[in-house]
Structure formats: C-alpha cells, structure tokens
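Participant: Sequence:
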Amino acid sequence: MNTVMQKTILAGLIPLACATALDADIATQPSPEPAVVEAIDTTLFGIESPLFKQGVHLYREALAAYMAGRYLEAIHGFEQVLRLDPLHEECYTLLNRAQEKLGIRKVRKPVGQDTAAALVSRQQELYKAGMEHYARGEFHKARDRWQHLHDLNADYPLLQSYIAKVDAEIAEMSRARAGRERADRLFEKASNLSMRDRVREALPLLDSARALCPAHESAAALASRIRKTTAQAQDQGLQRGMVLFENGAYRKALTAWEKALRLDTTNARLAGHVREAKAQLKEIEKLYRSEAERRYAQGNLRAAIDEYRRLADISPHDSAATRRLAELQEEYAGSVESAYDSAVALFEREAWTEAAHLLDAVLRLDPSHAPAREYLEKSQTHLASAKTRERIAGLESQARTAEQEGRWHEAAASWQDVLALDSSYTTARDRLAFCRDKARARKTDLAIQDMFRQSVALYQQGKVRKARTLWDGILAKDPGNQMVRQMMERIQAETNAQMSRAEKYASRKDWSAAVTAYQRVLKLDPGNAAAGKGLASARAAAQNDAARKERAVDPDKVTVLFNRGLDLYMQKKLDAALVEWNKVLELDPDNQRAKTYIRNLKKKLERLKQL
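Residue numbers (our numbering): 279 to 889.
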C-alpha cells in the first residue's frame, strides 16, 4: 500500500476516534485514553498497516499530552500526525488550540495536487473495501464504507444503487432475523407444551414457526416427532381399548379411546369405537340400576347402595344415579343401629367375616361408634389370619371386577374361592348365586337362539311336528319367549283358517275338499282331535257316496256278487265266497242276507280250524 493511500485511510478513520475528546477541551481529569482507544477500535473494520498503526500511536500520545496540558509536546505530536495524514481535520483543530494556549500562530492546511490525489485514493479505497465486504456478506460493513464514500463524493458512479442494494439485503436479513427470532420463540413455547403432553396445542405453533422460518430444522424435527408419536399413541390407545372392550371393561376402553381421540379428533375409527363403548355402557348402567332397585325392593339396602356405587364408578356424571345413591346412603345412615344389631347377631353365630364387613360399614357411617369398633376388633381377631383376610379381599375385588365386566363364570369362581376360605360369608354366597344365574342365563340365551333357528328351518321344510318339539323345549326354558309365541300364534291362526275351510266344505258335502283341508290342519297341529274326527267322518262319507254312486250305476251288481259267493260256497271255496259276500256289504252295508251268510260261514271256518 503506498504512502498516500495509507494517509488517506488514516484521515478517514482517526477523526471518528477523537469525537468525544473535542467536546471536553482542556480538562483537569486524567487522560481519557481508554475511551479514545475504544472509539478508535470501533472504527478499524479490519484495516491494518504499519503506517496506520504509527499514526494512531502518535495521535494517542499527542492527545494525551494535550489533555494533560503539555502543549509543546502535544504540538510536536500533532505535527508528526499531520505529516502522515495532511487531511486530519481534528488534528489541525487541536494543533491550533494548543498553539493558541502558547500564543503561537495557527497552522494552515496544505492545499493543492497532493490533497486532491489523497482524496481520490481514499474514495477508491472505500469503494473497494465496500465491494469486498459485500462479497463476503458483511452488508453492514459494506454500507459503512459506501456511506463514508458518499459523504466524500455524493456523485460517485453507481454509489446510490449500491447503497440501495445493500440496504435491501440488510432489510431482508433483518426480516429473516426477526422471523427466526419469532420462530425460535414459538418453538420454545411448543417445546414446553410438548413436554407437558399438550401436543395438540404445540403442533399449530410449530407449523407457524416453520411458516416464518422454513429452514427451522428443530421445529420441523419436533413436529415430525410429535406427529409420529401421536400416531403411535393413537394406535396403542386403539389396541388397548379394543382389548379392554373385548374383556368387558367398557369404561376403561372408553377412557383409552377418548384419550387417544383427543390427540386427533378427525380419527373416524376411534370416534366409532367411542360411540360403541358409550352405547354398551348405557346397557350396563341400565343393568346396574335395575339390579340396585331389585335389591332395594328386597330390603337389601346395602346391596342396593353397592350397585349404585358401581353405577357411579362407571358413570360418574350420572346425576340421577348420584342423587339416588345419596338418598340410599341417607336412609342407610338412619339404620346404623339396626346394622349394628345385625352385626352382633352375625358375630354370635361366628360369622366373623360378614360381621366384620357390617361393623366396618357401621364405623364408616359413624366412626365414633365404640361398641361397633370393639366388636370389629373381636371379629378380626377370630379370623384365621391376616393372610386369609387379604386373600378374601383380593378374591372379592377380582369377583366384583369380573361382575362389572360381565365375566360371570370368572366372578362365580372367585366368589366360590371366597366361600372356601369363609363359608359363613353370606354376601359371597349371594353373589355366587347371582353370578351363576347370570352365567346360566347367558348360556341358556345362546342355546335358545340356536334351537329357534333350527325350529324355523324345520318349519320352513314342512316338518312342523319337529319344529313344535323344539318350541316346547324353548318354552320350557323361557316361558315368555316372544319369538316362539309369535310363531305359534301364526300357526294357530293358519290352523283355525284351515279348520274353518274344512268345516265349510263338510257342510257343503264337498268331502274331497274337506279331507284336504282336515289334512292341512293335522299337518299344522297333529294333535288336533276335532280335525282327526272330521277327517275320519269326511273319508267315510266320501266312501259312502262312492258306494252309492257305484250302486246307482249297476243295481244288479249286489245280486251278481252274492250269487257268485253262493257258487263258490257250493264248490267248497269258502274263503273266496267270504270275499265276494264282503264285497256285497261294501256296496250294501244293510244287506241282511249277506250278513247272515257271512256270520254262518265264519262259524264254519272256526269249526274247521279246530278239527
């Protein structure tokens, strides 16, 4: 770098450093060298050279001497600086002030070709430095160089367009930085929400952060991880709910599905499962409510309260059930002494477990009931051991859980185990009977459905008798079965209609149609005595009509048959003769002559057999 250019650079940079000192003039304070040094350092922008460093050093020493009142030393220093940088305005100012203090004439700034050349060199250096900073992306430094150049020469070629361009870059950087900062704040908030499992609130914030800063990798990664985790959690919740639902744990299944659905409310499959679980819970609520009221009607107030508690467990928002439970509990509270008396009676019968349960209930209602507490302690002492009590409690819990989930066989097995440990526990005996009834009812329902399907198939095949046998079997198990009764009512209506037709045909002496109608009646109702009698009468009447018609066609046929029988008799063909005379009776049942011959012939045949 040539001497003129170095001087020019020094002339542009050092004035900024002394701006603070010019306002102070001659002060009595110590040298403000640290402030001056800091001001100079902020204007260096990475430009360094031996000449530049020498000028800075000389200026610092001269300025320190000036501030300390050593004016001759300061004048000497300022003159050395001006030899390096003839354009140093502040240096001229301070030099003149120092000379005034000593009464020396002022120094004039040099003018001429050297000054102009130095200015041109300084402008070129500022332009080049600005381009270098711009190429490296140091837009603020580039603008500072070009603005300095603009201050020296406002007409410098293309300078305004360069400044405008770098201003646009700086503005874009500011916008990007602001977007990044806002995206960072959104990301931080979303991260905090995610750590508190509030992912539904976190995802929109992450999407907004990515919209503000598409290159925000952390936001993209967290959003992807949340969506993946959400999908996995929903799938796990779906599968867990299905297992619980299949095992009859409908409330737990509903809770699992609702929790999974809250992660993504658009999941149609989960929404369907939630609806199904709610419908099933309504059926269970109806069952518990019915059982509670049945127990209450039987006078078993505690059992009714237990049923309503189970109902409250699976439907905590059922206000009607909650009110009813409160009513029963209030009623039960009024019967504490009655419960205590019952517990004492159980204790005296050595029903320790039942007595302990009842006494515990009394104490829950009235903790200050000292006699109940005393009897409870005695009952617990009489129980076999703490292990047995724990085992009974565990089995009872299993049994009640199985009941709530509709697993009646398992519940019955658990109650049976409880009774094996304490055979006097009447609640366990009652629950065992109830669960067995429920299990049998479920098994019976399945068997009845299968029998009914078979009976319908048999009926459609025309096998009414077999179908009726199955229906009778169904009614024996379920006397009020509406499906069977509807089928039987339909068959009875058809039977009555066919019977009416048969009787109408018989009244008209249309024996053929009557026989057909009576046969249809007997096919629908094989045990119908009236139809059987009517069928026999219709058939006999039809035969008589046929016989009469036959005689009316050939009136001599009876005589011919009778005479043929006589001929055969004379030929000692007795069996053949008997056949012919029977034919006579078929045509003329009132023929006395034929009857007499047949009677005598049969007697003769009997005598011959005896020989």
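Keep in mind that the hints were calculated from the coordinates and are not lab data.
Bear in mind the structure is a predicted one, so any value in this text is a computation, not a measurement.
Don't take each hint at face value.
[What the hints assert, rightly or not] Simulated pairs of lysine-lysine, DSS-like, Cα-Cα distance not exceeding 27 Å: (1) Lys-873 to Lys-887; (2) Lys-850 to Lys-861; (3) Lys-851 to Lys-873; (4) Lys-835 to Lys-811; (5) Lys-887 to Lys-850; (6) Lys-782 to Lys-835; (7) Lys-406 to Lys-331; (8) Lys-755 to Lys-741; (9) Lys-406 to Lys-379; (10) Lys-861 to Lys-882; (11) Lys-811 to Lys-564; (12) Lys-782 to Lys-755; (13) Lys-851 to Lys-811.
[Unchecked claim] If you anchor each label on the Cβ, the simulated ranges turn out as follows: (14) Ala-725 to Lys-811: 52 to 62 Å; (15) Gln-770 to Val-838: 48 to 58 Å; (16) Ser-568 to Arg-503: 13 to 23 Å; (17) Arg-763 to Asn-860: 49 to 59 Å; (18) Arg-877 to Glu-772: 40 to 50 Å; (19) Gln-770 to Ala-820: 43 to 53 Å; (20) Ser-785 to Asp-750: 29 to 39 Å; (21) Val-838 to Gln-870: 45 to 55 Å.
Ideal placement from N, C-alpha and C gives every residue a C-beta, glycine not left out.
Participant: Now tell me, hint by hint, if it's right for this structure.
Facilitator: We went through each hint and held it up to the structure:
At most 27 Å may separate the alpha-carbon atoms for a hinted pair to count; Lys-873 and Lys-887 meet this at roughly 21 Å. Taking the CA atoms of Lys-850 and Lys-861, the gap is about 19 Å. The hint holds against a cut of 27 Å. Between Lys-851 and Lys-873, the direct Cα distance comes to roughly 18 Å. Compliance with the 27 Å bound is thereby established for this hinted pair. For the suggested pair Lys-835 and Lys-811, the alpha carbons sit about 32 Å apart, so the restraint of at most 27 Å is broken.
A distance of roughly 15 Å separates the Cα atoms of Lys-887 and Lys-850; the hinted pair therefore holds under the 27 Å criterion. Using a Cα cut-off of 27 Å, the hinted pair Lys-782 and Lys-835 is violated, with the two alpha carbons roughly 34 Å apart. Of the supplied pair hints, the one linking Lys-406 and Lys-331 holds, its CA atoms being roughly 21 Å apart against a limit of 27 Å. Restraint check for Lys-755 and Lys-741: satisfied, since their Cα atoms lie roughly 22 Å apart, inside the 27 Å limit.
For the suggested pair Lys-406 and Lys-379, the alpha carbons sit about 42 Å apart, so the restraint of at most 27 Å is broken. Proposed proximity of Lys-861 and Lys-882 is supported: the alpha carbons are some 20 Å apart, at most 27 Å. Pair hint Lys-811 plus Lys-564 does not hold up; C-alpha atoms about 53 Å apart against a cutoff of 27 Å. Annotation: proposed proximity of Lys-782 to Lys-755 is violated, straight-line Cα distance about 39 Å (limit 27 Å).
Straight-line distance between C-alpha atoms of Lys-851 and Lys-811 comes to about 39 Å, which puts the hinted pair past the 27 Å bound. For Ala-725 and Lys-811, the hinted distance range of 52 to 62 Å is not satisfied, since their beta carbons lie about 38 Å from each other. For Gln-770 and Val-838, the hinted distance range of 48 to 58 Å is satisfied, since their beta carbons lie about 52 Å from each other. As the Cβ distance of Ser-568 to Arg-503 is approximately 49 Å, the hint placing it in 13 to 23 Å is violated.
As the Cβ distance of Arg-763 to Asn-860 is approximately 51 Å, the hint placing it in 49 to 59 Å holds. Checked against the hint of 40 to 50 Å, the pair Arg-877 and Glu-772 passes, with Cβ atoms roughly 48 Å apart. Our hint of 43 to 53 Å for Gln-770 and Ala-820 is violated, since their Cβ atoms are close to 28 Å apart. In this structure the supplied range 29 to 39 Å holds for Ser-785 paired with Asp-750, their Cβ-Cβ distance being about 34 Å.
Range check, Val-838 to Gln-870: Cβ separation about 18 Å, and the 45 to 55 Å hint is violated.
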